[in-house]
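Taken in sequence, the protein lines are chains A and B.
Numbering that gives the first Met the number 0 applies: residue 0 is where the first sequence begins, and numbers increase by one.
Numbering that gives the first Met the number 0 applies: residue 0 is where the second sequence begins, and numbers increase by one.
Some hints here could point you the wrong way.
For chains that are exact copies, the list does not tell them apart, and a pair is met inside one copy or across any two.
Unchecked claim - In the EDC-like style, the derived pairs of lysine to aspartate or glutamate whose C-alpha atoms are separated by at most 20 angstroms in a straight line are:
1. Lys234 to Glu256
2. Lys171 to Glu253
3. Lys46 to Glu35
4. Lys48 to Glu24
5. Lys65 to Glu253
6. Lys10 to Asp82
7. Lys232 to Glu184
8. Lys48 to Glu18
9. Lys90 to Glu39
10. Lys64 to Glu91
11. Lys171 to Glu246
12. Lys65 to Asp120
13. Lys77 to Glu253
14. Lys64 to Asp120
15. Lys46 to Glu24
16. Lys48 to Glu256
In short, the hints are calculated from the structure, not lab data.
There are 2 protein chains.
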Amino acid sequence: MLGAIEAGGTKFVCAVGDEKGMIVERIQIPTIGPNETLQEVSTFFQKFKVDAIGIGSFGPIDVNKKSPTYGYITSTPKTAWRDFPFTKTIKEIFPVPIGFNTDVNAAALGEAKLGAAIGLDSCLYITVGTGIGAGALVQGRLLQGLSHPEMGHTYVRRHPKDLFAGSCPYHKDCLEGLASGPSIEKRWGQSGRTLSERSEVWELEGYYIAQALMQYILILSPKKIILGGGVMKQKHVFPYIYQHLTELVNGYVELPELTNYIVSPQLGDDAGITGALLLAYEALQQN
Amino acid sequence: MLGAIEAGGTKFVCAVGDEKGMIVERIQIPTIGPNETLQEVSTFFQKFKVDAIGIGSFGPIDVNKKSPTYGYITSTPKTAWRDFPFTKTIKEIFPVPIGFNTDVNAAALGEAKLGAAIGLDSCLYITVGTGIGAGALVQGRLLQGLSHPEMGHTYVRRHPKDLFAGSCPYHKDCLEGLASGPSIEKRWGQSGRTLSERSEVWELEGYYIAQALMQYILILSPKKIILGGGVMKQKHVFPYIYQHLTELVNGYVELPELTNYIVSPQLGDDAGITGALLLAYEALQQN
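For reference, chain A alone in the conformation it holds in the complex (with noise of 0.2 angstroms):
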């Protein structure tokens, strides 16, 4: 049996299951500190023998296996877990293998091995929420350099007539400041989610997150993209997406045809629990 903790700024999601995805139970718990949430996560998986458990967590994270900090969540803007060792922490309770990841990068994993991407050794996977963050796999394995990757503070073109702001505290106007969801809120004074109908809001959506896949696909010539999370569910972005990155690339390089390419995850909101059980099977197979 297989643990898998998805570990998210405002929810975890722990789930007990195998490699291929087969969920047999899960729960989600409130993000509070370590200490409480934690507590919960203990008790959950206290009912099963685990003989792995795969966590995909918020970051940023130290996924460096030489550096002395592995398995921290570093330098979050959330302070109780900053400077978090997530991974010793875990071991403690149970001591066995422990994967441990970006949740972007096990959502990558997940739609690799069992949804979208399946059979390719290169996807890319974004979440556009709360935040915006992205995973990849390539060449077959999660993209790890210096360090995970920081795809959402991207930066984009502004849009002329758009006059919001920003909202990331650091760059103000990257992609993650202009386009996820509290963006969306901020520029538009509601929630997206009752905006559906307004096409102004989500054509704008779709150029941010066009010229941003523009980037992507400049420097990583990913196989597949596929683009999760809360705001991503107004799937009439889609279009406005496949509009605006058609004239970006302007024939310079060869894609397949977009609706083929750009998708939703095939594993909805399971994407990152699924590559968290995956990355607990790696763990293992590993050991």
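Using the hints provided, position chain B relative to the given structure of chain A.
Structure of chain B alone, referenced to chain A:
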């Protein structure tokens, strides 16, 4: 003995040497058409007994080994070379293993194995010259997805005082359209080589290159960034790059000391041809 071809848009460099980067003999040939140029290439290599040949080529090229046009130069604006079966043509003359990748991926490999990124499994090599291109080593392998990267065409935010329209035939004011050698020459009315003393030229150049590096760092997180090509011989660009990049990152990602992180190629102008020798060596090993 290994053979190497660095196939550039204006010149071909051919060399014979070994996998330690030792070059025994080399020639330089102007890039004309495939018939004329490859005649000279062939004459050069016939003097030696090469066990494998590595090619680092200008692009776009087909690097997908499963593709029916693997080893081709594809949609280049240089019409004589369009749809040219590069590896097949070389293999017909020299029936040895042939390695094939982009010129910039070859340079990245050269710098990673024998240059500025020695010992690292990750680096980015960018050339800023007649065009702008980049190659990358990611987790020990040359970056490839749907195709090879096309990072030179990443877009940047225009400097508010820069009125130059941009020279990229596809995207006008993408990075290549604003910061390549020809775009510098068009903007300022004279070659960059004669503008060394004009600090505004290099501050603007640093402004654009820093933006591209910001995107590359957020998306790829390379362990070392190497800036080569003719324009980067103007070493006074580097401080402007460090300054603008520091402002852009704004503390969001932790980077090594920039003067040690973003550097000139240690192999100088030989990064590409050395990488091509290593491509030959890889092809021989895989044979």
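Evaluation of the provided hints:
Taking identical chains as interchangeable, the C-alpha atoms of lysine 234 and glutamate 256 lie at most 20 angstroms apart only when both belong to the same chain, with a minimum of 17 angstroms there against 43 angstroms between chains. In the homo-oligomer, the alpha carbons of lysine 171 and glutamate 253 lie at most 20 angstroms apart only across protomers (18 angstroms), although the nearest pairing inside one protomer, at 33 angstroms, exceeds that limit. For the homomeric pair lysine 46 and glutamate 35, the shortest alpha-carbon distance inside one copy (18 angstroms) is at most 20 angstroms, but the shortest distance between copies (74 angstroms) is not. Taking identical chains as interchangeable, the C-alpha atoms of lysine 48 and glutamate 24 lie at most 20 angstroms apart only when both belong to the same chain, with a minimum of 13 angstroms there against 65 angstroms between chains.
Taking the shortest alpha-carbon separations for lysine 65 and glutamate 253, only the inter-copy value of 16 angstroms comes in at or below 20 angstroms, while the best intra-copy value is 39 angstroms. Taking the shortest alpha-carbon separations for lysine 10 and aspartate 82, only the intra-copy value of 19 angstroms comes in at or below 20 angstroms, while the best inter-copy value is 52 angstroms. Only within a single protomer do lysine 232 and glutamate 184 lie at most 20 angstroms apart by alpha-carbon distance; the minimum there is 15 angstroms, versus 47 angstroms between protomers. Within a single copy, lysine 48 and glutamate 18 get their C-alpha atoms as close as 15 angstroms, which meets the 20 angstroms cut-off; across copies the closest is 51 angstroms, which misses it.
Taking identical chains as interchangeable, the C-alpha atoms of lysine 90 and glutamate 39 lie at most 20 angstroms apart only when both belong to the same chain, with a minimum of 15 angstroms there against 63 angstroms between chains. Proximity of lysine 64 and glutamate 91 under a CA criterion of 20 angstroms is satisfied intra-copy only: 18 angstroms inside one chain copy versus 46 angstroms between copies. In this homomeric assembly, lysine 171 and glutamate 246 come within 20 angstroms of each other (Cα to Cα) only across copies, at 12 angstroms, whereas the closest approach inside a single copy is 26 angstroms. Taking identical chains as interchangeable, the C-alpha atoms of lysine 65 and aspartate 120 lie at most 20 angstroms apart only when they sit on different chains, with a minimum of 13 angstroms there against 25 angstroms within one chain.
Only between protomers do lysine 77 and glutamate 253 lie at most 20 angstroms apart by alpha-carbon distance; the minimum there is 18 angstroms, versus 42 angstroms within a single protomer. In this assembly of identical chains, lysine 64 and aspartate 120 lie within 20 angstroms of each other by CA distance solely across copies; the values are 14 angstroms between and 23 angstroms within a copy. For the identical chains of this complex, lysine 46 and glutamate 24 are intra-copy neighbours only, at 10 angstroms inside a copy versus 69 angstroms across copies, given an alpha-carbon limit of 20 angstroms. For a Cα distance limit of 20 angstroms, the shortest separation of lysine 48 from glutamate 256 qualifies neither inside one copy, at 45 angstroms, nor across copies, at 46 angstroms.
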